[in-house]
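Undergrad: Chain order of the listed sequences is A and B. Going by UniProt numbering, the first residue of the first sequence is number 1, and it counts up by one from there. Going by UniProt numbering, the first residue of the second sequence is number 1, and it counts up by one from there.
Keep in mind that the hints were calculated from the coordinates and are not lab data. Mixed in with the good hints there might be a few duds.
Straight-line alpha carbon distances no greater than 27 angstroms define the calculated DSS-like cross-link-like pairs of lysine-lysine that follow [said to hold, decoys possible]:
| id | chain 1 | residue 1 | chain 2 | residue 2 |
| --- | --- | --- | --- | --- |
| 1 | B | 146 | A | 16 |
| 2 | A | 353 | B | 53 |
| 3 | B | 173 | A | 64 |
| 4 | A | 16 | A | 227 |
| 5 | B | 173 | A | 353 |
| 6 | A | 420 | B | 173 |
| 7 | A | 99 | B | 166 |
| 8 | B | 166 | A | 353 |
| 9 | B | 146 | A | 353 |
Examples of chain A residues toward chain B, derived with CB under 10 angstroms [as the list claims (entries may be wrong)]:
| id | residue |
| --- | --- |
| 10 | 68 |
| 11 | 400 |
| 12 | 403 |
Fair warning: this is a prediction, and the values are worked out from it, not measured in the lab. Here a beta-carbon is modelled for each residue, glycine too, at the ideal position from N, C-alpha and C.
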Amino acid sequence: MEVIQQYRAYRPRPLKGEERGKVKIVYGGLTWKHERLIQGALENAGYKAEPLPEIKRADLDIGKELIDTGACCPTTFTAGNLARFLKEKSEREGREGVKEGYVFVTIGACGPCRFGQYHESYERVLENLDFKDFRMFLLDLLQMEQNEGGLEITMPLTFGLVYSMFLGDLMTDMEYAIRPYEVIPGETDKVLKESIELIYDRLKNRPSRGKKWGSLLWHVTTPYFVKVLKEVRELWDKVEVDRLRVKPRVKITGEFWLQTHEGDGNYNIKRWLEQEGAEVIPPPIAVWMDYLIYLSLWKMEESREFVEKFWLKKAVIKLLLNLYHFTYNRLRKALNNIPNTLPPQEELRSLAKPYFHHFLAGGEGYMLIGKALYAHLNKHAHMICELSPYGCMPNTMSIGAMQAVLGKYPDLLYAPIEIKGDAEVHALSRCQMILTEAKKRAQREFEEALERTGLSVEDIRNYEDERPELRKATYKVPHYGYAGTSANYVMHVAKLMGRV
Amino acid sequence: MPFISLFKRRTAEGGELKKDRSHIRVGIPKFLNVWSTHRFWIGFLKALGIPAKNIVFSSDTSEEQFREYGKGRIGMDSCYPVKVLAGHIGELLTTKKLDIILAPMVYSLPSFLRGHVVDTLSCTRVPMSVENIKAGFLKECNEFEKHGVKFVNPFVSFAEPHLLPKQLYESLKDALDVSYEEVERAVKKGLEELKRFDSEMRKKTREILEWCAQNNHPCILILARPYHMDPGIGHEIDVEFQSLGYPVVWGQYLPTDKDLMDWLFGAEIEAGIIKSPFDISDVWTSSYSSNTNEIIWGAKFAARFPWITAVVRLSSYECGMDQPTYTPVQKIVEYSGTLYFKFGDLDETRPSGSIRIRVETIDYYVKKYSPHIIERKLKRLEERKVPEGFGVIPPPRNASTST
Chain A
1 MEVIQQYRAY RPRPLKGEER GKVKIVYGGL TWKHERLIQG ALENAGYKAE
51 PLPEIKRADL DIGKELIDTG ACCPTTFTAG NLARFLKEKS EREGREGVKE
101 GYVFVTIGAC GPCRFGQYHE SYERVLENLD FKDFRMFLLD LLQMEQNEGG
151 LEITMPLTFG LVYSMFLGDL MTDMEYAIRP YEVIPGETDK VLKESIELIY
201 DRLKNRPSRG KKWGSLLWHV TTPYFVKVLK EVRELWDKVE VDRLRVKPRV
251 KITGEFWLQT HEGDGNYNIK RWLEQEGAEV IPPPIAVWMD YLIYLSLWKM
301 EESREFVEKF WLKKAVIKLL LNLYHFTYNR LRKALNNIPN TLPPQEELRS
351 LAKPYFHHFL AGGEGYMLIG KALYAHLNKH AHMICELSPY GCMPNTMSIG
401 AMQAVLGKYP DLLYAPIEIK GDAEVHALSR CQMILTEAKK RAQREFEEAL
451 ERTGLSVEDI RNYEDERPEL RKATYKVPHY GYAGTSANYV MHVAKLMGRV
Chain B
1 MPFISLFKRR TAEGGELKKD RSHIRVGIPK FLNVWSTHRF WIGFLKALGI
51 PAKNIVFSSD TSEEQFREYG KGRIGMDSCY PVKVLAGHIG ELLTTKKLDI
101 ILAPMVYSLP SFLRGHVVDT LSCTRVPMSV ENIKAGFLKE CNEFEKHGVK
151 FVNPFVSFAE PHLLPKQLYE SLKDALDVSY EEVERAVKKG LEELKRFDSE
201 MRKKTREILE WCAQNNHPCI LILARPYHMD PGIGHEIDVE FQSLGYPVVW
251 GQYLPTDKDL MDWLFGAEIE AGIIKSPFDI SDVWTSSYSS NTNEIIWGAK
301 FAARFPWITA VVRLSSYECG MDQPTYTPVQ KIVEYSGTLY FKFGDLDETR
351 PSGSIRIRVE TIDYYVKKYS PHIIERKLKR LEERKVPEGF GVIPPPRNAS
401 TST
């Protein structure tokens with residue numbers, strides 16, 4: 001081989017300021033709800049935006065063909081998804097049109113895991129499809145800047161993205177809390193779609209208050225989003241539910257992409273669990289951001305002797321955390337607190353401490369163990385379904401550490417599912433075995449609640465006839481120490497009837 | 001004997017020791033990044049008053065070790081270098097009569113590439129593996145308590161050396177009854193030991209490279225992770241090449257002397273392509289992982305150094321950190337005309353037979369192409385000042401090089 005040059009890494013052509021509004025920003029990796037809301041936030045900032053197509057099983061095969069061997073499941077799926085997008089767009093708009101008309105923006109950083117190196121695999125896609133001229137920008141979580149002004153991370157955009165994340169999470173929580181109990185099949189999905197479109201519209205058309213302090217103040221204090229959610233609540237008010245359906249509650253934990261994903265990338269496991277008779281507790285993205293902020297706080301605390309103005313910096317982070325939780329809870333309240341609260345990170349850390357050090361980052365870190373124990377001990381779920389991608393480095397490690405947890409808490413129903421993209425039947429059948437036991441527990445709880453209150457299902461039905469608001473999707477049923485929705489509902493009705 | 005007792009209670013630096021620890025036996029599993037930090041641990045423990053004879057490392061990895069001591073302790077599917085930790089801990093626990101097992105969770109490393117890289121983190125599995133495998137010894141009963149052994153697994157970030165005393169003190173204060181000052185002194189001693197060892201190894205590698213230059217002899221560079229030096233994980237592929245007469249050097253211990261760096265990287269620094277010889281941003285933008293960064297830098301070194309005519313890449317089955325690097329490393333090496341060979345997915349099978357066959361094939365190509373590679377790479381460097389010791393004699397055209 002006669003070669004004389006030295007290899008150099010891929011460098012994208014810059015995106016210039018004057019291209020904004022002409023070139024479409026392409027992004028992906030979250031649920032369709034979050035992606036639609038992000039589109040609204042980007043369009044509000046003057047960009048054209050389009051999410052990548054929904055992940056399909058075919059993306060796995062395309063990814064395997066194009067990137068280096070041995071990649072983890074999310075890398076292969078997402079790389080294949082980008083490749084399919086480029087191919088399909090090229091067929092419709094021509095290669096030049098795609099190269100000039102779109103830029104792909106993806107999140108990077110996070111170092112220890114392969115996640116920080118995803119873009120290397122995306123580069124293989126561009127290279128192997130002869131798309132080296134296509135622009136791909138890596139947004140470092142800590143350095144969200146781009147040269148040439150084409151992609152400018154301003155205060156309104158940042159807040160738009162944060163609100164997109166919060167609102168997407170809250171709507172996802174509503175969806176999963178209500179769909180298993182809906183009286184008219186398909187109504188939840190219909191109302192959900194209407195809600196997302198309403199919020200998208202408001203995000204896109206939110207008023208401009210400048211690019212810096214004015215914007216900051218407005219986003220922190222505004223009732224704008226609460227008002228939007230009150231409109232959304234009116235939509236959900238019309239959905240009728242039957243909470244006497246006994247269903248095991250299944251908490252989803254696991255690696256970030258896989259646990260958030262809704263589609264072929266994780267065998268659509270949340271929908272599958274619902275079809276199998278479960279109520280799913282989905283993981284909000286807001287928990288992940290909360291975790292990252294806490295990690296930075298604890299890291300700073302560890303090296304406090306070496307941190308200048310430590311107390312001031314700590315106070316700023318604490319203020320940020322309080323503001324974060326305040327905003328999330330304020331939005332929850334607008335939906336009558338139907339979406340779940342964010343789990344307390346300090347408590348998750350403390351629960352996981354004997355089994356997993358809190359600075360071991362990647363996957364879900366200590367949260368995988370902390371969340372499982374928190375849900376189990378506080379009776380928030382009957383079962384934990386942990387989703388780990390094939391080839392995931394960090395998550396397999398915390399799964400291994402769960403051995404000791406299960407040794408101490410043998411009654412914790414834990415289903416670790418490795419997801420490869422193929423071998424679907426195998427993974428789902430493993431999950432089904434644990435789910436069978438969870439169903440039995442939910443049924444036992446329900447019967448216990450009926451026995452404790454002396455109520456029958458018929459008594460409750462009769463009472464519902466007198467109080468039809470109980471069958472509204474937005475009616476909040478408090479937690480009475482049972483994991484199951486139906487058992488808590490029985491207790492609540494009994495309380496309203498003066499039986500307990 | 002008060003005089004002897006007083007003598008014993010002093011560290012190598014002369015600081016006072018709180019108590020006599022000469023009887024304490026500490027075991028360290030020889031796993032993952034302990035392969036690149038073991039000198040720190042020896043220096044550290046010695047400075048705390050633990051004699052060298054009482055610092056016990058587990059054996060090299062072997063199937064027998066895993067079968068005998070690690071079986072049944074693994075609760076997940078992972079890469080082989082992580083799984084084998086169960087055998088290492090089990091062996092220490094069962095056979096070495098120890099007071100303490102010290103299995104550090106190495107979060108980051110003191111890389112020589114610090115400065116022009118984003119970070120020097122370990123692979124995420126390196127620190128996590130300890131909590132993972134520990135669980136296998138706790139799930140039914142506490143095996144450590146049963147054997148009267150304290151299991152200590154400090155979280156250590158070598159890239160932030162100012163935090164090491166605190167991290168190690170918190171973890172060891174009860175197990176070793178140490179004071180913060182003792183730990184602080186011991187950390188300093190450990191880091192000095194590690195630096196001295198690394199420096200000696202680089203010096204030795206430079207001597208090998210100088211010998212290659214003076215004898216116009218091809219050399220093979222192994223690009224791998226530190227634990228591939230473990231014969232049970234690296235399958236002694238380096239030894240196979242040595243037995244054929246090739247000097248073999250490891251990427252971790254390549255020389256970094258200024259004269260050599262100027263010779264190899266000077267032109268690119270002057271052209272503004274890189275900021276220093278240790279800048280890898282021209283080929284690798286995700287410079288978070290210490291071992292990965294060093295593998296990338298090793299590939300750059302090989303692409304420029306004339307007598308490294310072949311690079312042999314080793315990678316274990318399911319190595320997630322290596323996976324995105326396969327193409328870039330191969331390209332860095334091959335664009336320069338240097339030969340590139342990869343032994344991937346090691347441990348997926350027992351590969352001893354196939355390794356020998358491949359080594360013979362590689363030997364054929366290295367013999368055939370080395371003279372041309374050396375000549376071509378020297379030509380690229382002819383404008384630059386040759387570092388002392390390399391005494392470059394341009395090889396005659398079309399000369400064959402015997403190995």
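Undergrad: None of the hints should be skipped; say for each whether it holds.
TA: Going down the list of hints, with the structure as the test:
Restraint check for residue 146/B and residue 16/A: the C-alpha separation of about 66 angstroms exceeds 27 angstroms, so the hint is violated. A C-alpha spacing of about 34 angstroms is found between residue 353/A and residue 53/B, which places the hinted pair above 27 angstroms, so the restraint is violated. Restraint check: the Cα-Cα separation between residue 173/B and residue 64/A comes to about 50 angstroms, which exceeds 27 angstroms; the hinted pair is violated. A distance of roughly 37 angstroms separates the Cα atoms of residue 16/A and residue 227/A; the hinted pair therefore is violated under the 27 angstroms criterion.
Straight-line distance between C-alpha atoms of residue 173/B and residue 353/A comes to about 18 angstroms, which keeps the hinted pair within the 27 angstroms bound. Proposed proximity of residue 420/A and residue 173/B is contradicted: the alpha carbons are some 44 angstroms apart, above 27 angstroms. For the proposed pair residue 99/A and residue 166/B, the alpha carbon gap of about 52 angstroms is over 27 angstroms, so the pair is violated. For the given pair, residue 166/B sits about 18 angstroms from residue 353/A by alpha-carbon distance, which is consistent with the 27 angstroms threshold.
A hinted pair counts as satisfied when its Cα atoms are at most 27 angstroms apart, and residue 146/B with residue 353/A qualifies at roughly 22 angstroms. Hint status for residue 68/A relative to chain B: holds, with the closest Cβ pair at about 4 angstroms, below 10 angstroms. The closest approach between the C-beta of residue 400/A and any C-beta of chain B is roughly 3 angstroms, which is under the 10 angstroms cut-off, so the hint is satisfied. The beta carbon of residue 403/A is positioned within 10 angstroms of a beta carbon in chain B (closest approach about 4 angstroms), and the interface hint is therefore held.
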